[in-house]
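Assemble the dimeric complex from its two separately framed chains, guided by the hints.
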Amino acid sequence: MQVSRRVFLRYAAALGGVAALNKSGLMTLKNLSPSEAEAMQTSMGKYEVKYTADAMCPAECGMEMWIKDGKIAKIYGNKAVPMNDGIACAKGASGQQLVYSPYRLKYPMIRVGERGSGKFKRVTWDEAIDHIGKKLADIKKKYGAESAIMDCGDVTDRDHYYRLFFAYGTPNCTEHGSICDTPRRHGPKLMVGGKRWEPDIMRPQLVRQPDGSLKKDYTYKSKLIVYNGWNPFVATRIFYESRGTVGAKVENGCKVVVIDPSYSNTATAADMWLAPRAGTDGDLFGAMLRYILENDNQNDPNKKYINWSFKKYSTGWEDFDAAFKSWWGKKDPINGLSYFSLDWAADRTGLSKKQIEDLAHLFGITKPAALVWGMQSPGHHYNGYCASIIGVALNVITGNFDIPGGVIDTELVKSDKGGSATGKQFKSKKVKRMIDGKEVEGEVEHFHMDLFGSKYPAAWDDAVADYPNAFMEGVDVRYGPFRGYHYPIKAYILRTGNSILTGSAPYKWKDAILAKDASGNYKLELYVFIDSLNLESALYADVILPEASYAERQSLSDIYPSHQVIYNRDAVIKPLHESKKPTEIMNMLARKLHELGDSDIKGSDFWEKYKTEEDFVNEMLAPAPGRVNVGTPLPYPQYPEGYKLIGTPESLEKGEVTVDDRNKVVKGKPVTVEWLRNNHGVAIWPMSWYRYKKHNADEPNKAFPNTSTKLIEFKFDWADGGKRYGGYKSYNEKIEKAGGEVPLGLREIGFSKFPSTFFWFETKWNPYTNPEYKKYAKDYPFQLICGRVHHAMSGTQMIPWLGEIKTEGTWQPMNNEFEAEVPEAMPMGDEPMKAMKMKFKANTYAVGTIWMNTDDAKKAGIKNGDLVVVENPLGKSTKGKVFASGGIRPGIIKIGFATGGRFSEGLGPAYKTKDYTPSHNDLVDPDVLSPIMGFPGYADMIVKVKKV
Amino acid sequence: MLMESTMIEKLREERYIFNLLKHIFWAEPAKEFLRDIQNVDIIPEEDEIDRGLNLIIETVKSNNSRLDEYLNDLSLEFARLFIGPKNPPAIPYASFYLSESKTIMSDVTIDVRKMYLDAGMAVQNLYSIPDDHIGIELEFLQYLTEKTIDLFEHGQREDASRLYEMREDFLNDHMASWIPFFADKVIESTQDDFYKGAAFILKGIIKNGHF
Chain C
1 MQVSRRVFLR
11 YAAALGGVAA
21 LNKSGLMTLK
31 NLSPSEAEAM
41 QTSMGKYEVK
51 YTADAMCPAE
61 CGMEMWIKDG
71 KIAKIYGNKA
81 VPMNDGIACA
91 KGASGQQLVY
101 SPYRLKYPMI
111 RVGERGSGKF
121 KRVTWDEAID
131 HIGKKLADIK
141 KKYGAESAIM
151 DCGDVTDRDH
161 YYRLFFAYGT
171 PNCTEHGSIC
181 DTPRRHGPKL
191 MVGGKRWEPD
201 IMRPQLVRQP
211 DGSLKKDYTY
221 KSKLIVYNGW
231 NPFVATRIFY
241 ESRGTVGAKV
251 ENGCKVVVID
261 PSYSNTATAA
271 DMWLAPRAGT
281 DGDLFGAMLR
291 YILENDNQND
301 PNKKYINWSF
311 KKYSTGWEDF
321 DAAFKSWWGK
331 KDPINGLSYF
341 SLDWAADRTG
351 LSKKQIEDLA
361 HLFGITKPAA
371 LVWGMQSPGH
381 HYNGYCASII
391 GVALNVITGN
401 FDIPGGVIDT
411 ELVKSDKGGS
421 ATGKQFKSKK
431 VKRMIDGKEV
441 EGEVEHFHMD
451 LFGSKYPAAW
461 DDAVADYPNA
471 FMEGVDVRYG
481 PFRGYHYPIK
491 AYILRTGNSI
501 LTGSAPYKWK
511 DAILAKDASG
521 NYKLELYVFI
531 DSLNLESALY
541 ADVILPEASY
551 AERQSLSDIY
561 PSHQVIYNRD
571 AVIKPLHESK
581 KPTEIMNMLA
591 RKLHELGDSD
601 IKGSDFWEKY
611 KTEEDFVNEM
621 LAPAPGRVNV
631 GTPLPYPQYP
641 EGYKLIGTPE
651 SLEKGEVTVD
661 DRNKVVKGKP
671 VTVEWLRNNH
681 GVAIWPMSWY
691 RYKKHNADEP
701 NKAFPNTSTK
711 LIEFKFDWAD
721 GGKRYGGYKS
731 YNEKIEKAGG
741 EVPLGLREIG
751 FSKFPSTFFW
761 FETKWNPYTN
771 PEYKKYAKDY
781 PFQLICGRVH
791 HAMSGTQMIP
801 WLGEIKTEGT
811 WQPMNNEFEA
821 EVPEAMPMGD
831 EPMKAMKMKF
841 KANTYAVGTI
851 WMNTDDAKKA
861 GIKNGDLVVV
871 ENPLGKSTKG
881 KVFASGGIRP
891 GIIKIGFATG
901 GRFSEGLGPA
911 YKTKDYTPSH
921 NDLVDPDVLS
931 PIMGFPGYAD
941 MIVKVKKV
Chain P
949 MLMESTMIEK
959 LREERYIFNL
969 LKHIFWAEPA
979 KEFLRDIQNV
989 DIIPEEDEID
999 RGLNLIIETV
1009 KSNNSRLDEY
1019 LNDLSLEFAR
1029 LFIGPKNPPA
1039 IPYASFYLSE
1049 SKTIMSDVTI
1059 DVRKMYLDAG
1069 MAVQNLYSIP
1079 DDHIGIELEF
1089 LQYLTEKTID
1099 LFEHGQREDA
1109 SRLYEMREDF
1119 LNDHMASWIP
1129 FFADKVIEST
1139 QDDFYKGAAF
1149 ILKGIIKNGH
1159 F
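Top line first, the protein sequences correspond to chains C and P. According to our numbering, the stretch in the first sequence is residues 1 to 948, in order. According to our numbering, the stretch in the second sequence is residues 949 to 1159, in order.
Hints listed in this document are in silico derivations from the structure and should not be mistaken for laboratory results.
Straight line, CA to CA, 27 Å or less: simulated DSSO-like cross-link-like pairs of lysine-lysine: (1) Lys1062/P with Lys574/C; (2) Lys135/C with Lys1034/P; (3) Lys510/C with Lys1034/P; (4) Lys1095/P with Lys30/C; (5) Lys221/C with Lys255/C; (6) Lys119/C with Lys135/C; (7) Lys216/C with Lys255/C; (8) Lys1034/P with Lys119/C.
Only chain P is shown next, with the shape it has when bound in the complex (with noise of 0.2 Å):
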């Protein structure tokens, strides 16, 4: 058993990355965000997640002088990875990759949608906007992890020990059993090092059993 701070110090980590792939994958950058990763320091690769983030970091750093046209660059690779016009070749959602249909809202979803009812959650917009979008499941991890920490601060270990549960389960078990699939169809869709660097993560987090 991990050291109490040592893990809280764990999820603060994860907390980080999946609000960083929360943006990236939920919407087009924001010209703020960007400015943010051109803050951070490019490190020694040790793994494919210090890959991904290099990926991002660099390129972005490399558009410095054109953060308007390159802002308008990534929105147009946006929409084409994840959402068309034409077929978009990296489908954002669980079901697409889990379901013998290959639809969207299928019984994978409404399975992650009782997983977030367990948590007391449901999606903002219920019933239009599909519950197993990477960018909602992210913000589901991002939150639980955060309550996690909440909770271990406070004292309540034994919630925090049932949320810790419910993050693992939702990670290794749900996850897992897509998003290595939805980061190669990134990887090998895109000449873009930001999206390609934030699809690295993901299989980073995944094949590591999270970092």
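Okay, chain C solo, but in the shape it has when bound (with noise of 0.2 Å):
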């Protein structure tokens, strides 16, 4: 080798300047001594064994890791946690790829250019945290706390940001929930307090034996399960689902329906699949429930429908009767039928009077069995309200009601968490504010921008979708001591979600987070984007925060399991790069906050509290399982019918409690991280079924659902011996207070109030049941649905193995050629290089397409795989393939839900195949946020679709 001196000898000298940067030493390397190297040496190669929750979908599956040389070597499912009973699927095998990908958000970056260029600039975390902190500060004192909006986009894990920002002094809290299936879970939540109504199919279940012990028990008791637009096989939120739908079949005999407009992958194992129009979820209901009260006979077995003992276990039964019956004299405009015939039912449905009345039927007949409704009905409609009342009714009048095989509610059940480290105390601190020149006093929670705004006050749940009205025009205060307030919303901190592309329009998020005002600063003056992904909503922030991706933080499982199951999401490795957990972000932001003068946040609610996230974590299992010893069998027979249950299942089980009378609670020793660690990472509580009654007698045990009077209520505010009650009976009373002032949302559908029972209303944009838009049917003449494709959520869309497999007729191999850098293994050889730049040839990838029937699209002229345009009423539209199929109603048009259109480059293969995959957000109305809670109508649109 020859030596070249030239550059030693020109450069040497100036170099040698630079070389003395490095006075400090090594910058990145460190010298181990010889005890440090060979400790290391020792604990290279070997294999600890951790247990976690899943984050990569929201089933949250309970997960097994290996950990080797400190990163994940191997993942398995937990086989000690019944949500997924020791099974990993594709997509949670697949961790590895989000956590170790390259293209994960790293370093904390200050935007450079103007929102939405991308151009960004890498900071430290101290710098980041002080332009957040200063401009927060500044926020409150020019506008008030309340001008914040803390959305935690995903529910999981985000405990920590509520809790400082409800410190800060705004209770504008929220999580994608808000805007996910808020309809569905409408009725459960208005009549027994719950949410999501599930099948009893979650196997194993720990079942208390005669004899006193427990068993892991398998059998599976479900005789029939109706799915309507729920699609557990693909939109897996509760994992269960899929292997016990088909495991109740197999081992049962259970029957399963689907009613989907489109065929969907659960429709593949169902026994029957009915098709309806859009948007009809609630006539069918409806239809059911007037089949099964007009026919039953109690002394004809096979019209035994009714199981009438639910009237002992529940309220307001006749007044419900009496207002659904109601209608029946009443003829529907649209097509002058008398509503919920079965006539009436066929009509706006499209199924066949025969298929409903068999369905009723079924339904009606065969017990145990449990009609379940989800997101991809109810969920997406205007009007999706009646249908979850309805539904909740049919489930309680058959007797299927947390029965064995029936249906169950998971909210009811589910252990309790969070606790005080929730931060909910701090909604009561007291605020005062100047209106109309007057001080009034309130506390922080009475400004939250739904519950108390003009618009939507039962929204329980917030509405997200709305955001982008407030950030232009602010909020109007109209219920509560603060009525007559108003407050523009000043920040905006949006923590793994994206909402800018699925938080209802995305032309309208971008309007109004571009939006500025005369001096030409932006409305909108804090925007923070904190995710481990770099999605859509990252490119037009101020601030860009790497969080530690699920495997690197410490939290709880979000599930809806039958009965108390809660694990541990541990943190099985270190965060990577710089990225830091929730409770350190938490922290430095509360003492940044502090620093600067904010005397609502302090240290020992914060970082003197919380010196670990393990800290935070335990304070929220202090209140778990937190649920009432009740149904049969009784779950812990030693302790007294009704009282709530604290405490590991070791000291509840060994009697190491105290039992508090007085406040009817029983006390074990506290669920801790430690003790979850020591226990495969979860604790299980017994199930127990009839949990609405006494365990020995057929009497209310009066602690059990969770409502006004702890029965089924049927009506929804009432008065009783100088009491008032209901789900309702909150709201209306702010309406009363403000002199009957109706929100928004209510005058839209005509209401004076929230009703006391049963009700009914149109849904929008639907030509077939609202007479306001029959006029568009003949230009417009395809209802445009939509739904999740499991593996092709943003955060998996980054995993190409994942995207590529074809789903449903949303998500089909019909790309472009095209190129991209994808995992895929290559030759070995001296150029291991060649073989990363992938060219994918046309039609070997999946990509999001817009799945329409075989025979609509031959009457168009369209065939497989032609680029379409799907325009809407509104002018919108969207760009797409043609998947062509007879899986799918006449008129429906379904596109997989931001499945296309990802502007985002961290997407990968999905990025470059933007210009001609469809976003169906882009045809939402934005305007169409539903009455009562002000989510988006996601599948109440009509298009029409042209051949480009």
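What follows is the structure, given as structure tokens:
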């Protein structure tokens, strides 16, 4: 080897200066002492098994991760967790692809160019926190803390952020649940104080045996499951439902009915697939209820639909029944037929009378059965509330609520968690504002943009979709002590969400975020994006904070089981790059606000109290399981029925408890992170059924469900003995106190207050049920619906080997030829890079597609794979390729949720295909916000299709 | 076999270059760093190393009157090329180029960790910062080079030879397998002569069997 001295001779002197920059020695490496080196040598290559909860999708299955050399080496399902019973799906098993993605957010960054230009520079955490802290302090001073929205995007591990912002002084903390399936859970929330109703198919269940022992029970009891617009085989929020549905079919002869305009993956396992028009779920449920009420005959075993014992455990049926029947005498202006009759429903749903009758009969006669409705039905329609309420009634009157093999309200029975860590207590802090020259005192809570705002004061779970309006116009407080107060929205903190793409129409979000005032400053003064992934919403942010991924932070599962189960989301590896855990981010920002003089933020509530993330999670675990000792078999026969249970399964079992008779609480040793770690990561308390009645008598136990009367409530606002009851009571009281001022949402449907029992109104943009839209039917002959492609959500589009797999008709191999860097097995050799950039031939890679019926396509001269424009009556359109098949009802078009038009490069191949993949949300009417809770009518739209 | 004094001079030269590159690829440049570079003169170009050095020197000199803005430009370009938030075109980790999964922290990273450990070293922020970041690998080379010089100068020839071998192996067996691809990525993705120049030097080092 010849030595060239030129560089040395010519540059040495000058570069000496450069070298001098390194006076402190090593920048990135350190010398190990011999003992340190030996310790590291010895530990290398060894596995350590840790238990955690997944967050690759919202199912949050229990996982077992094998850690070697500080990295995740293997991922398995955790056999101890009944949610997934040891299974890891392809998505769960792909965790490393996301955690170790080279495209993760790695460092805090501050925007340099205009919003949306995507120009950022790296800053230190101190700089980023300083920037955010100063802005927040300034906004609080100028406009009040309520001007900040903390949107946690995903429900997972949100509590740290809620706590901080409640303490800062804003009640406007939310997560995506507010736009996810709100109307779906409305009926359960109103009538039993719960949320999501699911079939009793989580297996195994831990069940108390007659001899007092506990047994893992794998037997299925279900005989019929009706999934309406619920597609657990694809949109898995509740993982056990996919294997449970098959299990119940195979092992217990359970029949499965799927009601969905499209032939979903779940429909492929069904005994019956019914494909009604979109947005007619409530029509079908209403017709089922009418049929059952009209045809029930207690003396005929083939017509004994109703189990009238439900009346013992409920109140208000007479009112509900009368209100429902009052519609039978009315004629529907759209078809002149009597509401809820078979003829009426057949005309509106497009199903035959026979199909509806058969379904009603089947559901009435089969026990145990579960009628379940999902996000892709009531959850996406303006009037979904009505379907959800009738759905509850159907399950209750047929005697299927909370029976073995029936339907379970998972919210009522899941373990409690969060406790005082969530910081709810900060919302009751007293604050003052000047209104019309007068000083008014109220609580932080009373600023809530929805609960006390002018639009949706019964928005139990907030209304994210309405944020663009709030950014533009601010919030009018019309209820509660601050009535008459107006405040702007000036700060938007978005964490693990992608609201610009998914929170209703993206163009409206972009307009609102980019809007400037007269002086040329952004109206929204601060926009922070916190996540592990770079999603579209990050491109518009002022500051990006990299959050530790789900494998790098500590928290708890958030799941929907049939009884109390809670498991650890353990931090199985150290946070990569410079990402930080939510506890650290909370503490850093809290400390900064405190330093800047915010007296609402105290060290004793944050950094002094939570020295580690484990401290925080232990506080979250303190109330677990927090449910009452009710049902058959009684979970703990040794304790009084109806008492609240707190503590580890172990301590409750062994009797290491104190019994507080005054407050009716049995308290064992608190569940802690450490306890979970020592018990395969999971705490499981016993299952029981019939939780609404005494275990030894046919009468209510007055401890369950969670309503004002502790009974199932068929009426929603009533007075009795000088006291007022019901799920809508408090909202109507607000309206009354405000002199009868009707909120915007109710005004839209012609209501003057929240109804006291059964109610009905029509959905929007549906020419087949709402006369207002009949005129559009000819020019816009298709109804547009959407649905999730499980493995093509934002987080997993980054994982090409998941995205590649086709799903139903909305995610098909219809790509144009493109090049992308994807992980493919590479030929070994001298040049391993040659195979890195893959060329994907046309039609080999699954992309977002437009699913339509073959006959519809033929009529329009459209062939499979043709590029089309889908346009709505608002003049908005999206482009994509057609997947034509018989597996969808004629007159329906389905597009996957957020599958196309993805304009963030971080999404890999999905970005490459953005110009010919459809964005369903571009077609959503941003002004269709459902009247009670303000969520967007994602599936209320009609369109026409033109070949490009 | 080279004369020992010649070899030491060569090593000194390489140490400077590794140090220069380490600073360029580990973080956004500091003002002091740019000022130092301004003191270097342009030379006739014989190979990619010269070409790279000249590109850097010329561009830094040409921005003499706007050094603060230039620093800002460079920090934006650094973020765009190597960090994000949009997909950075030149991922600075070996495992991205050498693992089938194209992820970071792969077995390749662990192999690099083992090589550091053989030299009695470890990454300061172990398990968080991937060991095979180009900046860390360059620092490792710089360290080995410096140590080798030191040992030679103190007459510990056996130890010096051992470290020299280690250095050669790391450079030839590991870095040569990915650096050219990384450097090409930089060259094709940037209009900026500062980073383009640094990438040419990287390529030159590997191509020439160092110098």
